[in-house]
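Visitor: Taken in order, these protein sequences are the chains called A and W.
211 is the number that my numbering gives the last residue of the first sequence; the numbers go up by one with no jumps.
517 is the number that my numbering gives the last residue of the second sequence; the numbers go up by one with no jumps.
What the hints contain is simulated information worked out from the structure, not anything from laboratory work.
One or more hints might be untrue.
Claimed, not checked - Here are the computed distance ranges between Cβ atoms for each label pair:
#	chain 1	residue 1	chain 2	residue 2	range
1	W	S401	A	E72	56 to 64 Å
2	A	D188	W	F236	41 to 49 Å
3	W	F236	A	V81	46 to 54 Å
4	A	V179	W	Q389	27 to 35 Å
5	W	M377	A	G125	30 to 38 Å
6	W	A81	A	V81	42 to 50 Å
7	W	S499	A	V81	50 to 58 Å
8	A	T149	W	G343	45 to 53 Å
Even glycine gets a Cβ: it sits at the ideal position worked out from N, Cα and C.
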Amino acid sequence: MHLCRRGIIVGQESLAWLATLSLGIFFLQASPVSARDPSVADDANTPVSLEFETSAFDGVHEGYVTLVWNKSPDAAAYRVTDTDGDTVYQGEFNQAFVSGLPNGTHKFSLVALNDRGQLLDIGVPIATVNVSHWPMWQAMTSLGIGAVVFVLLIGVIVHGTVAASKDQFNVGNSNAGNSNVGNSNAEERV
Amino acid sequence: MLASGPILDVTAGYVMLAIFSVLWIGLGIWWGRRATSYDGFAVAGRNVGLALGTATAVATWITSNTTMLAPLFALQLGVWGALAYATASFGLFAFAPMSGRIRTLMPHGYTAVEFVRRRYGTMATVPFLIISLFYAMTWLISMSMAGGKLLNVLSGIPYPVGMTVVVVVCVMYTLFGGMYAVIGTDFIQSLIILVGLVIVAIAVLFQTDIGDVHQKLSADRPMLLSIAFPAALMALFNNLLFGFGEIFHSNVWWSRAFAMRKGVGPKAYALGGLLWLPVPIVAGFLGLAAPALGIGISQPDTVGPLVAATLLGYGGALLVFVVVFCSLASSIDSLLAATSDLIVNDMVEPLIEGEVTDQKKRRWSMVAIVSLGVAAWAVALPNVGTLATVLFFAGPMVGSCIWPIVGGLYWRRASPIAATLAMVLGSLFGLVAYFAIGWFVASLVGAAVSGIVFAIGNLVTPDDFDFRSLANPPVTSTMTKLEQAGA
């Protein structure tokens with residue numbers, strides 16, 4: 022039997038093997054494991070190898086955290102969601118930055134998706150972030166100290182500039198002529 | 031939620047990189063023809079006018095940190111974060127009158143370290159030199175990292191490749207052209223950056239509904255809009271003082287003060303500060319827009335370019351690529367040039383016996399530029415930490431230099447012991463605060479402790495310095511020999 026114009030001849034034995042192979046594939050497809058809605062992979066048989074490098078964050082004082090996880094071999098993207106089901110990150114990198122969190126405990130779940138958006142892996146355990154912002158008295162103290170240092174500095178610069186402008190001894194003039202002299206002196210030094 | 035991934039394809043990224051590499055190196059060679067002497071190479075002949083002076087101030091201060099850290103600040107610390115970053119413009123305003131004072135006091139000067147050495151002596155020079163070099167390296171490393179991260183996020187070019195190309199290009203055109211090339215390319219880069227940012231800002235405003243952004247942030251990330259965000263309040267003056275410390279101590283700014291024509295410095299720095307001020311606010315908005323627009327962020331220091339590129343599509347990604355490349359190059363070249371000046375004038379030359387020719391100094395400058403580039407590349411290669419953690423580690427040290435510099439310029443009683451102790455103790459306490467509390471208070475603590483120590487030190491051991499001595503040309507080995515020979 023010619024299978025194509027180039028004259029490949031298939032004998033009866035080969036046909037038998039081909040038929041056997043086809044039947045095998047057919048039965049595999051027909052098995053209960055494979056007979057599912059093609060848009061959803063099998064959760065029960067999905068290998069759970071995905072996990073956060075650190076899943077517990079305590080004493081987060083600034084309300085932001087970076088979640089990092091191991092890469093999944095066939096993953097095209099990862100999705101991180103909070104307890105409300107809102108997606109805080111979706112993308113191909115294995116890292117998510119979450120910020121603006123108020124005081125309290127925040128939990129995040131991780132899944133890996135294939136290139137068709139189907140679930141590949143589920144991250145276990147979920148990440149728990151305990152946020153406790155710096156006390157306000159500390160913030161106001163920093164603000165106060167900063168304001169004092171700033172005002173003092175500006176005061177010194179302004180006072181120094183005004184005083185220097187009134188100085189009878191003008192250092193620039195004592196070099197007989199401003200930047201041109203500066204230039205020629207610099208050249209002469211060379 | 032918009033999926034987070036490269037916007038440009040790798041080929042486009044490599045093509046853009048190649049075009050800019052060739053252009054910038056070509057410009058460096060072309061401008062380098064004017065650098066016929068060491069003064070030409072180091073301080074562009076001390077004759078830079080207002081337009082170029084303003085452009086170089088703006089371009090140098092709009093670093094990759096501005097386009098990438100300002101959005102990071104906003105993403106981490108909210109509205110206060112963006113405002114905190116904008117306070118770095120105050121450093122330019124404050125340095126404006128100081129640049130005039132510097133130019134007047136030291137018409138033959140080259141570096142900030144030279145000022146400290148002649149004002150306070152060797153004792154204070156040692157910590158100041160260490161701080162200057164450390165800061166220069168951390169800035170250089172942070173920008174090298176920024177180059178690699180940006181190219182990776184925008185186009186998928188592997189981080190090591192992008193970072194290496196950026197560093198090599200900047201080293202090469204600085205090598206060929208010195209300060210002429212640095213300032214000349216700064217002018218072009220500042221125009222590109224400002225035009226590009228205006229386009230990005232207008233386009234983003236058209237694409238986003240501020241009310242919508244506000245609503246989503248209020249619901250999902252409430253602290254980003256909160257006035258009572260403790261860490262953000264702590265960062266406000268910390269960032270302002272970090273900016274003061276960066277500018278007041280760094281030879282990047284002193285070398286420009288020396289390069290500008292007399293009388294130009296104050297106007298150039300003031301204008302530069304005004305032009306720079308809105309940039310981090312615009313960039314910061316991009317950081318706030320990310321969570322509201324559902325753009326997933328993995329590396330927070332890439333949020334600005336990523337948001338702009340995601341919203342504006344392919345064209346926007348190209349524009350962002352160009353703007354950030356220009357901001358990177360304009361700062362890396364300044365650092366390389368200024369730090370090589372520092373190494374040649376303040377470390378190598380004082381150690382050499384005998385005549386130091388112009389040719390020798392220029393050769394040393396080139397060796398220094400290449401060495402700095404290699405060192406920055408080596409440390410940036412592992413890509414450890416965010417840009418903020420790398421850069422702000424130097425915060426307490428530069429913060430501790432503020433009072434010795436300001437006091438040294440204006441107050442004859444400022445003494446070497448007070449200046450030395452202020453820098454050392456300010457740095458130590460600031461570093462303790464960095465590790466014990468966080469980066470967002472380290473500069474504040476460094477500056478505050480330094481100020482207290484400086485004030486007490488000058489009360490206990492006051493000096494009586496003659497500012498006129500700074501106007502004399504620095505004593506060189508050649509001059510000493512001539513004087514000895516009775517010339």
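Visitor: Taking the hints in turn, state whether each one holds.
Guide: Evaluation of the provided hints:
no.: 1; hint: S401/W - E72/A: 56 to 64 Å; result: violated (43 Å)
no.: 2; hint: D188/A - F236/W: 41 to 49 Å; result: violated (54 Å)
no.: 3; hint: F236/W - V81/A: 46 to 54 Å; result: violated (36 Å)
no.: 4; hint: V179/A - Q389/W: 27 to 35 Å; result: violated (44 Å)
no.: 5; hint: M377/W - G125/A: 30 to 38 Å; result: violated (53 Å)
no.: 6; hint: A81/W - V81/A: 42 to 50 Å; result: holds (48 Å)
no.: 7; hint: S499/W - V81/A: 50 to 58 Å; result: holds (54 Å)
no.: 8; hint: T149/A - G343/W: 45 to 53 Å; result: violated (38 Å)
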